[in-house]
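Using the hints, position chain B against chain A.
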Amino acid sequence: MADGKPRVRVPKTASAGEQITIKTLISHKMESGQRKDGDGNPIPRQIINRFTAEFNGEVVIDVTMEPAISTNPYFEFDAVVPESGEFVFTWYDDNGDVYTTSSPITVS
Amino acid sequence: MTLSRRETLVLGLGAAVAVMMPLGAHAAVEDAIAAFTGGADVSEGGVTLTAPEIAENGNTVPISVSAPGAVSIMILAAGNPNPDVGTFNFGPLMPRQEASTRVRLAGTQDLIAVAKMSDGSFVQTSREVKVTIGGCGG
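Protein chains in written order, with our numbering: chain A, 36 to 143; chain B, 481 to 618.
Isolated chain B, as found in the complex:
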């Protein structure tokens, strides 16, 4: 089989689009982290993200975040149409920098927690959650 010039172009374009799409979603996560950290380095560890390994219903996935010594923690869902989930800002009356809530997940994806420590440094962790029924749109 020989490919005409036009067919080759179309194939190339299709491949380029296929490569760009996941990159686009990834860029949104990186942008959100950069906006939160102001471009500072983010190291791994020091923040704990607790979530079920398998969530049957993506509409309410119980999660909890904890980072001793943090002033705020941002949570991102890398596979959601809008990766932002929320930001917890902790006041001085909290004995442990820890909070729980319930989130929506569109499908199986990575959850990311980025914590800002009281000394101005940033740490992050991520965790994969398998979702049986998606929780966005429908």
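Just chain A, same shape as in the assembly:
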């Protein structure tokens, strides 16, 4: 599976102050740095080391990740949305890559 393909599930609409559940998943091998290749050489670490979720620029959750987070990191958490806006999800790779995705939500 190609690395860095994010998938998020955010409701499209909500009422003001409602608790919504957000689920995020990104395809990434999360190479821990503990494994060895066929010749016994250690495979260098390459993981996503940080994940953030923001709503209209305000931090919802900010996660520091270590190699003990599983392949294809998955997070589930709740949020309240005071107004219509956009969730922005960002993943930071060890190699400097940054993966982002956003999903709008309408508050009725």
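It is possible that some hints are incorrect.
As the list claims (entries may be wrong) - Computed footprint of chain A on chain B; a stretch qualifies when at least three of its residues, placed anywhere within it, have a C-beta under 8 Å from a C-beta of chain A:
{"no.": "1", "segment": "553-562"}
{"no.": "2", "segment": "565-578"}
{"no.": "3", "segment": "582-588"}
If you are wondering where the hints come from, they were derived from the structure by calculation, not from laboratory data.
Note that the structure is predicted; figures quoted are calculated from it, not measured.
Beta carbons: idealized from backbone N, C-alpha and C, even for Gly.
Here is chain B on its own, set in the frame of chain A:
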């Protein structure tokens, strides 16, 4: 059977090494907690760690942490080569300070969650997870 001086020394050294090894792993956990709390006292309770009692596959063990009133929660796996798992920092838009993820566990071990509360105090809890197939290296 009589032991020569040399044999006695070797035996003593072996026993010392055997005692030191688990201590070394334990020290890493204590260091990680101390780095997170800054040396503050940590009390039990107030944080909930949900994990399966028996995990068949150590590569993906679903866990969830919850601590009402917390600003951040650190998770440690005491039996992993590197005990750090991750730290959740919660923003004001979260109605409940709760999150779920999936972690790797090298073998049967204790999971530890340490939460920093909004008043600056720290609480912790731990939970044993039995792992059938380890999730690190291989």
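Mind checking, does the segment 582-588 of chain B have 3 or more residues with a CB under 8 Å from chain A?
-> holds (count 4)
Taking 8 Å as the C-beta cutoff, is the stated coverage of the segment 553-562 of chain B by chain A satisfied by three or more residues?
-> holds (count 4)
Coverage of the segment 565-578 of chain B by chain A, judged on three or more residues with CB within 8 Å | This one holds; 13 residues, not fewer than the three required, reach chain A with a Cβ under 8 Å.
Checked against the numbered hints above, the structure breaks none of them.
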